[in-house]
Structure formats: structure tokens, C-alpha cells
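Undergrad: Both chains are given apart, each in its own frame, so use the hints to dock them into the complex.
Protein chains in written order, with our numbering: chain X, 1 to 235; chain Z, 1001 to 1466.
Using C-beta positions, here's what the derived DEER-type ranges look like: (1) Cys1037(Z) / Ser39(X): 24 to 34 angstroms; (2) Asp136(X) / Trp1123(Z): 26 to 36 angstroms; (3) Phe1129(Z) / Asp136(X): 25 to 35 angstroms; (4) Val137(X) / Phe1129(Z): 22 to 32 angstroms; (5) Trp1123(Z) / Gly172(X): 36 to 46 angstroms; (6) Phe64(X) / Ala1030(Z): 53 to 63 angstroms; (7) Pro195(X) / Phe1129(Z): 44 to 54 angstroms.
Keep in mind the hints are simulated off the structure, nothing from the lab. All values reported here derive from a predicted model rather than from experimental measurement. Every residue, glycine too, gets a C-beta built ideally from N, C-alpha and C.
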Amino acid sequence: MAYRWGMAVDIDKCTGCEACVTACHAENNIPTVGAGQASRGRAMHWIRVERYYEGSFPDVRLKFRPVLCQQCDNAPCEAVCPTYAAHQNEDGLNAQVYNRCIGTRYCANACTYNVRFFNFFNPEWPKPLHLQLNPDVSIREVGVMEKCTFCVQRIKAAKTEATAAQRELVDGALQPACAQACPTTAIIFGDLNDPESRVARLARSPRGTKLLEDLGAEPKITYLQKQPWHEPDAY
Amino acid sequence: MNRTLTKPIADDLVRPLFQTSVWFYAIVFAAATVVACGGAAWGYQVWNGIGSAGIRWPVFWGFYLVNFVFWIGISHAGTLISAILRLVNAGWRRPVTRCAEAITVFALMIGAMFPIIHLGRPWLAFWLFPYPSAREIWPNFRSPLAWDFFAINTYLTGSVLFLFLPMIPDFALVRDRSTGWRRTLYGLLAFGWRGTTRQWNRLESAMQIMAVAILPVAVSVHTIVSFDFSMAAVPMWHSTIFGPYFVAGAIFSGIAALIIAMAVLRKTLGLEKYLLPLHFDNLGKLLLLMCILWAYFVFAERLTVWYGNEPSEMAVFWASQRGRFAPFYWTMVICNFVIPFVILTNYKTRTILGCVIASFGVLIGMWLERFLIIVPSLATKQLPYSWGSYAPQPVELTIMAATFAGMILLYALFSKFVPIIAIWELKAGLPSRLDPALQVETSLLSTRLDTEAFSSEAERADRGQP
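Isolated chain Z, as found in the complex (with noise of 0.2 angstroms):
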């Protein structure tokens, strides 16, 4: 198929895979630096004792576990966005699935390291493996930690089958396209991709199993994250709100990742003419409707605890209200609410730069609430004399900023060996429809387009014909 594809959108999208700037190199290195940082700072928490975290006696769980709920709340941009706009068959998403779908491994992949970093033990790590061992004996079910071994590596699976399935056909493009080495390698990506017809019905029909498979695992494996927390009968802890609560604050930060991405995508290799500033507007209103519908989670769980006054819940409540722990439970505000709010409910403001704008504020604001949620509780358990405090060691800090790097690394080499944008599905998208944001989209490409000599299978595929 691929040598009958309009070249235009091929061209502009394979072309960051065949060029290469200093300023990747430049990229590439100061982040591995950093995450080799954050290696060497393992490394040493491994050899000297866990202890060179600053988490302690009362105060467990610190930074790992919150970069671990963040991290697992960032991967929720991939399925949301993809697999729920490709059920509703929204046009405006092709350009844009394939950027959050990598957002969701690589977020995933860092996210689910952090359990075991922050393991006193970190090389038995595997004894939390359902396997027949020598020492008889099967993780044990009714642990929440056994849950989230199973939530994660299922939702792990899921999503990478989700974004390689349809990253076959431009593996082939590119395979069809390039020589040497680069041939070799995209002809075994491209599993033997021919572009028949049968073919394509089968990538279609599995795009849709997994669309529709992948929502119910996405919305457990964060369910099942807060169920770490609200299984235990620690103040602020022990509520039922935890599961949808975390789901939301989980697709808030995912959406606020994945605008932020696209911006740097967009900036960086050039893909003005893909990533439109209707895509932004409408991930804008996305953003915002999860802001709303986070600020009533945080409202409705708050207004509980403080109605049902109960002692050891309130200390927790006051402490973050207004006591050691108020400077980042209102910055949580600000970020969270007020900024995202004041900026995307104006369509004015509602530009690329202000999306932007607003989702760092998200992604400050959420790591803070998954901060919020674990540090004061254990800080502040039932009995007084034990409450305690709790600081981040270098070691923590490290760690952090290296998983940071490591996803703008991860994210900078996918770029480089994948086209970030599905050419296969953008050119299926492009002959006119009725969906007016397409046409947006389609008036703005077609200048430079033959839509005569578009694939007719690629189209025909699209529309669930043999």
C-alpha cells in the first residue's frame, strides 16, 4: 500500500526518523545523565540500607509510593483519549493517539518501578510473583499489593498490545521506505504487514477488542492503586470515594501529560500542520470538565470527614486545612482548580501556550494531592503520641527527577524510531466527512494533498469494508 500513500503527510511524519538534529543528541544525553543519576542514587539506597530515604517511623510510605500514584495516574492519558474516542468514532483523534498511547507505557513502565525501589528488600521483588517455589507458599490474595501486582502488569500488557497494533502498518511504511539497517529492523516490527485487505479487517477488529477491553482495566488499575491506601483503617484513608476519586484525579493528570507532549512534539519536529490548535482546544475542554469533576471529588470527600467530625480524621483534616501541611494543600488548590479553571473556561485563554499553562498547574497540583493523601495521614495516625513528620533525602529527590528525565528520554528515542502520528490512520481520516472538526483538519492538509491517490484500502479498512 505504501507506495501508492500520498507522500506529502508520509514525508513530514517519517522525516524525524531519517534526520536527526544536535538538539536530540543534546536531549538525549543531559537525560540519561539524569537517569543515571537516579541509578547511581538506587544503587546506593540499595547498598547502604533503605534508611537513605527520608521515610521513617510513623511515615512509612513518602516520595516513592506518591511518584508511583502519580506515575500510574499519568498512564491514564493514553486510554482515555485513545481507546473512548476511537469507540465514539471522533475524528479529531487521529493525530493525537498514538502521542498518548506512548505517554501510557512509558508512564507505566516508570510508575511501576517505584514498588520496588522503595522495598526494604528490593531483590526479592519477585517473591510477589505467582510461581511455585521452594518455599510453598503463594503471595497472599487478600493483599492490595498482590492486587496491584496483577492491575499493573495486565494494564501494562494491555497498553502496549494498544499502541503497537496499529503502529504495524507505519512500521511497514517506514520498513518500505528506508535501507540497511533501518529495513531490517522495521521489517521485523511490521510482523510481515502487507496491507491486504485481510490484513487491515484484522487490525481493525483488533483495535477494537482492545479499545473496548482496555477502558475497564484502566479504570481498575487505579481503582485498585487507591485501594492501597483505603483498605487501611488510617485516618483520611478508610473511604469509599478513593476508587473514582483516584480514577479522575488519574485521567486529569493524564490529559494535562499528554497536552504538554504534544506541545513539545509540535514545537520540536515541526508537526504544525498536524497538531492544530483544535486539538488542544478540544483536549482544553477535556481538561476542564475533569477539573470540575475533580474539585467536587476533593469538595464531596472533604465535606464528609469535616461533617462527620470524627477525632482522628479531623486531626488529619486540620493538619492539611490549615496546620504544617496548608502551604501545599492550598497550592493543590490553586494549581489544580483556580489556574485550569480561570484559563480554559475562557475560550480566548483556551490557546495552545494557555493549555499548556493550565496542565502544568495540573501535574504540580496532582502530584501534590497524591502527597497530601499519603504523607499527612501516616503522619497523623489515631494515637497522638506517634504522629511524627517526615522530609525527602536527596536519594528520594534523585530518583525523582530521574524518572522525570526518564520519561522525557523514553519519549524523545519513541519519537525518533516511531512516526509519533498514525500516517495510517490520519490518511484514513482525510477524505471528507460530515465531523466538522475533520473537516478543520482536512481543509487545512488538503492544500498539499492529492486525495485522489489516497489508499483505497487503508480507507475502506476505516470504514469496516472488505
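In isolation and in its complexed conformation, chain X is listed as follows (with noise of 0.2 angstroms):
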């Protein structure tokens, strides 16, 4: 049976560390910009958390929330781009082929979630940074389009090596960055297609809710919080 890759985020959980962001810098090879460019918006966190304020001073209270690609099964993204560069991959996973891009960045637009980046040049790293490179992820050339992958050089691995030991992949064993370095375990990840694992229990959880779900997305995170979530007034 194919997988089906879903995640579930327990706002209530998050104390907005940022341990995830780093986490996935890391393990994905994202350029640090530096201070200047990430001032003129170029900055790149496939995971970023958002903070948002509520009441006024001084009886003010913090919300973090952490946004990442929401691996839509109806992404606004994929449609829009003129090479397939972004398409549906066989395990749900919106897929990024950084060979077929040539960056027209729709698909940034087309994104609700704000969630892709651009590489706005060929990418740098300060040393000692560049010694800690992980093998397993290519490096993005100037002008391609990049996104949260769910860690899907771990799913390749842990999927060949279920493989080859003839044996089904365990629920919780595989984690992507993000998951692994949260130290309140607020993001869980696991097989939406199999009923019993813990993000498929946590996305029927009445706690749960998507982001943005009126827009018709059908993003593949759930959630997670007691208080329904408000949005900010936007004007």
C-alpha cells in the first residue's frame, strides 16, 4: 500500500525554540543569506514560526505557530508551474525537481501558505559552515525554486531500507528533521493511509483544524490547539 505522508502540529505544544528551523537548515542544506539579504527578503526557512500577539500591553500573550510546506493534495502550486518543476509524487508529497525549474516562481505566488524560496543567487555558506553539508540533499543553483520536502531524503532511505529487510516501515520511525529536534514533540509525523498511526488519531482529533481550509487546498498538516485560532485582524 502506497504512503500516504501527513503531519500534525500541536500549537498548544510549541514554545516557539525555533529548534525545528535550525534543525532543518542543516539537515537540508539551506543557504544562510546573511543579515543583508535577509533584510531585503530573501532570507530562506522551509519551517519558519510565526508569532503572533494577543491583547495589549501589558496583558499581552504570545502564539507561535510553525508553518511549513502543508504538502496540499490539491496544491495551488503544482498547477501553475510550466515544467512540472512541482507535481504530486507517488507517496503525496509535493515534490520539487530543482533540475526542472528555470524559475518562473508561480508557484511561490500561487502558494497561500507563502512557504516556497527562491534561490536569488547561488548559494553560500560561512565558514566553518560549509564543512557540515549532509551528503544526502543537492545543492540549489542560483534561480530554482525550493521547498519543506518532509526530509524526503529520509523517506527514500528508510523506505529502501524497510526494503531490503522485507519488513513495513514502523510508525515514529522515521521522523523528519523538524519532528526529531522538537524538544516538546509538537510535530508528529507519520502515514496518513494507515488508520492506526499516531498523525492519522491526531488529525481526526477535534482539536485539529487546517490552515487556510476554506481555500480547498486540502493541505496535509493538521492543527493541533484547545482554542480555536483567530486570525489576526489583517487591516
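TA: Pasting the structure below:
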């Protein structure tokens, strides 16, 4: 049976420590663009922790929401790509084929979550970060779009290992870098096609909501929270 | 046929091809310098990376796409004026058509460059071509960008033909009047035109077919350009009105560009006898019509968004209505509606100068309109955490300036190598007809013409008789 990878993010557990962001950068060879470029909107964070403030000073509450590619079933980014660089793979992931990308950036505009990032320049790593590149992940050149892959290199490796050992993948044995790094286990990853997996059970939780669900992109990430989330007044 | 033609018209209109003033070289040199700067800026951008431009997360489309839509819009001048006026056989079109068709072709060539300039990896732009390749993959036909590719190529091919066909008799005329390299060049371009009845008949039917065929292509091309935006679930992009709204705006800016081009040609080439106040008056009325239509579309679009009160759309709405993009928005309203409306509704101010001022307003306003469609929406998408801003960088501004200089350059060269007014069409329209507009034109011209000596072939052909 095919896998359908999904995730549950428990907002009530998130402390906003950003360990997931750091782990993601390290695992996926995401370039650090430096302060200058970051201030010009070129920072790349496949996962980001959004901060929202509720109430007025001094009675302010801070809420965190980690946002990464929602791996939508009905992804707006895929249809608009003229070269099939963005497409749905057999595991239901929104795959990005870097070598096919010509850099129209249409996918990033169409993505309602703004989780696609563009290589405005060729990537560079300040020393000694260049020594810690992950050999399992390709480096993306200038002009190419990239985004969260759910650590597809780990998925591939685990699947290959399981096939070689002639066994099924065990739920929870496979984790993307962000889930692995999360100190409060707010991020749960697994196979939505297995109704008994932890992520599938959490996806059915009454605490669960999807991000911008009304737009119909059918995201595969469930956000868990006790209080309903109100988007801040937009204007 | 050419020997028998009355000389004055041909003399007037062919003269720019043989006599070159120092101003021509000055303009060509200045424009070419700016174009070269633009080329250098693009080279710099390709070498350094697309990050040299101001685009950023989350505003991934900026000035390049604004200019793309703007220039494709300008290209709608030729089709509307030429094809519609040809089909309804409006006599006053005759001196106007070629100026308009040339704008179409050049504006399309310029506009079509922008999707390539804006690519992250422009050296792979050919992957949009549907060809069997080693990659074993076709372009994604679900993508509006692939539709763009086909729409723009169809339109470019169609408008080049539409421009070229009626130039053939004029090329033959120039060929017969020239010697040396010009004779060879225009001989090649004239495709062996001898002015036989059969050739005239073929030309006439070809023009009729092209005029009918180019209209739906023109409408579809800007509709598809609008689909680049309206197909995405981005606030204030996802709108059913975008197709006709973009087409109306395109024709609006196209007429404005045509009026400016005609006024410049009139002065620089001494065409005061051919491009009459009447033409500017008629085009001014057309511009007024499109101005009102444009205002209606903006009103309809903004009213429905405001009434619907959907939060993410309202964020974009207020950002342009009274937020950080408001100065651009109200400048657009003044330039696109207030100025042209005030000038063009009054027949006293609907002079050549008045039309030109209104047209400059429209060009500025329509450019801002494209900016206001693209940037505020991307800067203000659904998740407030990811809101952003955008400021153009020198590379983008240089390339933009270069495209305007490129238009001037192409147009100057065109008017140097091709009679900018269709000589044979003008002559065919000369014998007195019932068209009052034409009679004004004729009466002014006839003082210098011996109408008896007119080419009977051209006249017959125009009437569709063998």
C-alpha cells in the first residue's frame, strides 16, 4: 500500500524555540543568506515559527505557529508550474524537481502559505558551516525554487531499508529533522494511509484544524489547539 | 502600377526613406545607448543572479511582470484600430493603420522579452517550447504560463503578417523609385509584386481574412495574460472580471500609445497633410470611450470586493485604497480617468495637444494599474505574518528604461525603412466617396493631386472588383 505522508503540529505545545528551523537548515543544506539579504526578503526558512500577539500591553499573550509546506492534496503550486518542476509524487508529497525549475516563481505566488523559497543567488555558506553540508541532499543553484520536502531523503532511505529487510515501515521510526529536533514533541510525522498511526489519529482529533482550510487546497498538516485560532485583523 | 501613380503623395511619404536628417542619427544613437545599457543591466543580472532585481519573498513578481503586461497591453493598438476599422471600412483609418500595426509588432516583441528576463534561469527558457526532448517531458498545459507562450507567439505571428501584407505594394513602389542596395532590398521585400489585378485581389482577400482572424487572437491574448493572475488563489487576483478588464485596459493604453506615436511622426516627418486633426479627434473619442469603459470595470471590480468583505481581499483593497499603495492608486485614477475624461469630453480641448496630454496620462495610469494589480496582492496575501513590500532595484529600472528606448529605436528605424503611411491605401481612398470623414481628408489633399491619374488598379482592388 502506498504511503501518504502527513503531519500534526500541536500549537499548544509549541514554545517558539525554533529548534525545528535550525534542524531543518542543517538537514536540508538551506543557505544562510546573511543579514543584508535577509533584510531584503531573501531569507529561506522551509519551516518558520510565526509569532502572533494577542491582547494589548501589558496583558499580552504570544502565540506561535510553525508553518511549513502543507503538502496539499490539491496544491495550487503544482498546476501553475509550466515545466512540472512542482508535482505530486507517489507518496502524496509536493515534490520539487530542482533540475526542471526555470524560475518563473509562479508556484510561490500561487502558494497561499508562502512556504516556497527562491534561490536569488548561488548559495554560499560562511566557514565553518560549509563543512556540515548533508551529503544526502543536493545543493540548489541560482534561479531555482525550493521548499520543505518532508525530508524526502530520510523517507527514501527508510523505505529502501525496509524493503531490503522485507518489513513494513514502523510508525514513528521515521522522522523529519524538525520533528526530531522538537523538544516538546509538538511535531508528529507519519503515514496518513495507516488509520492507526499516531498522525492519522491526531488528524481526526477534535482539536485539529487545517490552515486556510476554506481555500480548498486540502493540506496534509493538521494544527492542534484547544482554543480556536483567530487570524489577526488583517487591516 | 507605380509609374502611373500620382506623385505628390508618394513623394511626401517616401521622402523620409531617402532623406535623413541629423536628428534621426541623434535619436537613434541616444535610444541605442539606452538599449545597450539595458542589455548590460540584463547581462549583469544573469551573471550575478536574479537577486540583483528587487523581487523578494513574498513579492516574487515585480517590475518585470508589470512591464510585461503593460507592453502586451500597448500592442493592442494595432489590432483594434486596424482590424476593426478595416472591417467596417472606415475611410479615416487609412493614414493610421500602419503606425498602429507597427506599434503592435514592436510592443509585442518588447513585451515578450520580459517573461524571459524575469526567469531565474533564463538560459532554460526554451523548456517552454513543446518539443520532443531528451527530458521526455512536455510543458505543463495546465499552467497559464504555457498558455501565454502559445497566445503570444500566435499573436506575434499574426500581427507580423498583418503588418507585412499591406506593406508589399509600398515596398514595390519604393523598389521602383530607388537604385542600388535599396532596389535589391525592397525588391526582395516586395516578393515580386507587379500590381496585377490577381495580386491585388489576393492581397485584399488576405487582408480581410487576417483582419477577421486577428481580432479573436488579440482578445484572447490579453485574456490569457490576465489568467496569469486570475487563476491563482491570491487576494484580488482571483476575479472573473479580469479577462475583459485586461482587454479593455490594453486597448485603452494601446490607443494612447498610438496617439502619441502619430503626433510625433506628424511633427518629425512633416506629415501634417496626412495625419489631420480629424484623426486625432476620432481617436480621442475612441480613447474617451475606453476611458469610461475602464473606469466602469475598476468600479465594478472594487465595489464587488468591498461589498463581499472577505478579510484577505479587504487587506489588499485597503492597502491600495488608503494604505501604503494609496498614492499610486489615486495617481492612477487621476491619470486614467480624471485627466482624459476632462480633456476629451470637451471638443475644444480635444485637439492634437489635448489628445497627446490625455494619452500620456493614460500611459502613466495604465502602467500604475498593472503595478497595483500585481504588487499589493502579493505583498498582502492570506497569512499576515508573511506580508512584505517591494522596491525596484537599478537593474529593473534600467531594463525598463531600455524597453521604452527600444520602442523609440525600433519605431525610428521602421519609419526610416518603410513608408509609415500606407501609400496605396491612402490613394485607393482618395476618389470622392460618401464618407464625410474621407471627404475632409480628400478636399485637403486634392489641391495637390491629379485624381484623374490615379491608379485604376488600386482603386478597383479597394472596391473588390477584378
